[in-house]
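Protein chains: 2
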Amino acid sequence: MPECITSRENGKIKYACRLAASAGARRAEGAFLAEGYKLCRDLAQHCPPRMLFYTEAALQKHPQLAGMPCPQYLVAEHVAQKLADTQAGQGVFAVLEMPRPPAGLLRPGGRYLALERVQDPGNLGALLRSAAAFGYTAALLSPGCADPFAPKTLRAGMGAAGVIPALPTEDLPAALAALAAQGVACLAAALQGSRPLDELAGPWPGGLCIVIGSEGQGLSQKAIAACTASVRIPMAGGIESLNAGVAGGVLLWHFRAGGQQAARG
Amino acid sequence: MPECITSRENGKIKYACRLAASAGARRAEGAFLAEGYKLCRDLAQHCPPRMLFYTEAALQKHPQLAGMPCPQYLVAEHVAQKLADTQAGQGVFAVLEMPRPPAGLLRPGGRYLALERVQDPGNLGALLRSAAAFGYTAALLSPGCADPFAPKTLRAGMGAAGVIPALPTEDLPAALAALAAQGVACLAAALQGSRPLDELAGPWPGGLCIVIGSEGQGLSQKAIAACTASVRIPMAGGIESLNAGVAGGVLLWHFRAGGQQAARG
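First to last, the protein sequences are chains A and V. All residue numbers for the first sequence refer to our numbering, where the first residue is -1 and numbers rise by one. All residue numbers for the second sequence refer to our numbering, where the first residue is -1 and numbers rise by one.
In case anyone wonders, no lab produced these hints; they're calculated from the structure. Predicted model only: the values in this text are computed from it and were never measured. Incorrect hints may appear among the rest.
The list treats identical chains as one, so a pair stands whether inside a single copy or across any two.
Unchecked claim - List of simulated lysine-lysine pairs, DSS-like, C-alpha gap at most 30 Å: (1) LYS150 to LYS36; (2) LYS36 to LYS220; (3) LYS220 to LYS12; (4) LYS80 to LYS220.
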């Protein structure tokens, strides 16, 4: 039987809570806390688990937990409640190592998603999930984006954080200019001077980077200026905008590797 | 100056709250309550307004409100709080007539979205918004879907409820079979026996209906059986699913009228 933790003041519990609460603690430790059986299981395929916490009820429901290759701790219900980010917690928590992005990720021919000040963790998670699902190489995050390893982002991303490297950049326009100098076409999701996405012809042998801003503010002028072109999703019926996650999903799908159609415009 | 309402027990306020709270009241009255300046303004282009409520602060911010062609009422802040669905209300509310779907909507050559038990009003609103943005003809809703005129759905749909007719159906599989009998291809978003969407070749001269189930449960066997084919969004990297709104948006974009590419499979 694994060691049992019955105190909310236990050092390991406090450590896990710090990882959940603070991006700085996550950076310093190179680790993060995930919650929920499915999410922990999926992330553990890419991020080595360091510690696993579960309630007795959760272990009965998911006996496979006992096989996870890391130290395990049985926690009392009131301890699980302290670890949980949501009311309806599932009683499963893992401390996992942040994946280390491989070198040479930013290269000609890749598919990238660049995000500027996407503050909402739900939107960030949904965008990372779409980019991972459509085979993108990596995501670039400007300062002011939500943290990809915050509990809410992890939940919305459903494991995407383990699949697609999310690289923080100090200066997104400079990073876009560097990509463009390598021959990667950077497409800004912006109305100003834009073309409908189905008029932008592929294929893009040099690679592509889709650049998306926050739902409220859109992209900065600097980011737009660093891009190769601006692109919009054509809309009918007086609808002015789409849900941010939906708009990003449509762009990422449309410009996925191998998915380019000939221009129709 | 418009009449001023200072009591939360005022008959018109109670009427408006009933419309916000009850799908039955909306059906009986053929009217619904919308909240927020932009949403009320956009909806009023398609749904005749019957009554407008606003606070003095809201009128100062949006003096155009005074020009809306219906009876207007100034409401005290505490009355506005009773009408508001969210904490951060904007102090603008309109009772609007439900749009009456034109006859002959379901016809060969149209583009349709059919939803089965999409209970979450946020998901329903996002799906209607995508369908309206991509020029779909109408939406069909099975029993158990959220109400398209509930406050949360209206907010997520951002005016889509005024643009795209949402038709309740008592028996969705039967409605799909009737569409299919008219030559409309019905595509079920389901894994079972499915083909990747970019292998399904257009054009679809007989029209198309995209059929989507709830995020948790997916489509019923009956709905799948009534469809022409099943379609999936191909995914990479071990990602098993997309956010429901994102998946619907990608399908609706891919199969929009005029948007079909040749099969690549």
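Hints, one by one, checked against the model:
1. Taking the shortest alpha-carbon separations for LYS150 and LYS36, both the intra-copy value of 15 Å and the inter-copy value of 29 Å come in at or below 30 Å.
2. For the identical chains of this complex, LYS36 and LYS220 are inter-copy neighbours only, at 29 Å across copies versus 40 Å inside a copy, given an alpha-carbon limit of 30 Å.
3. For the homomeric pair LYS220 and LYS12, neither the shortest alpha-carbon distance inside one copy (42 Å) nor that between copies (50 Å) is at most 30 Å.
4. In the homo-oligomer, the alpha carbons of LYS80 and LYS220 never lie at most 30 Å apart, since the shortest distance is 43 Å inside one protomer and 43 Å across protomers.
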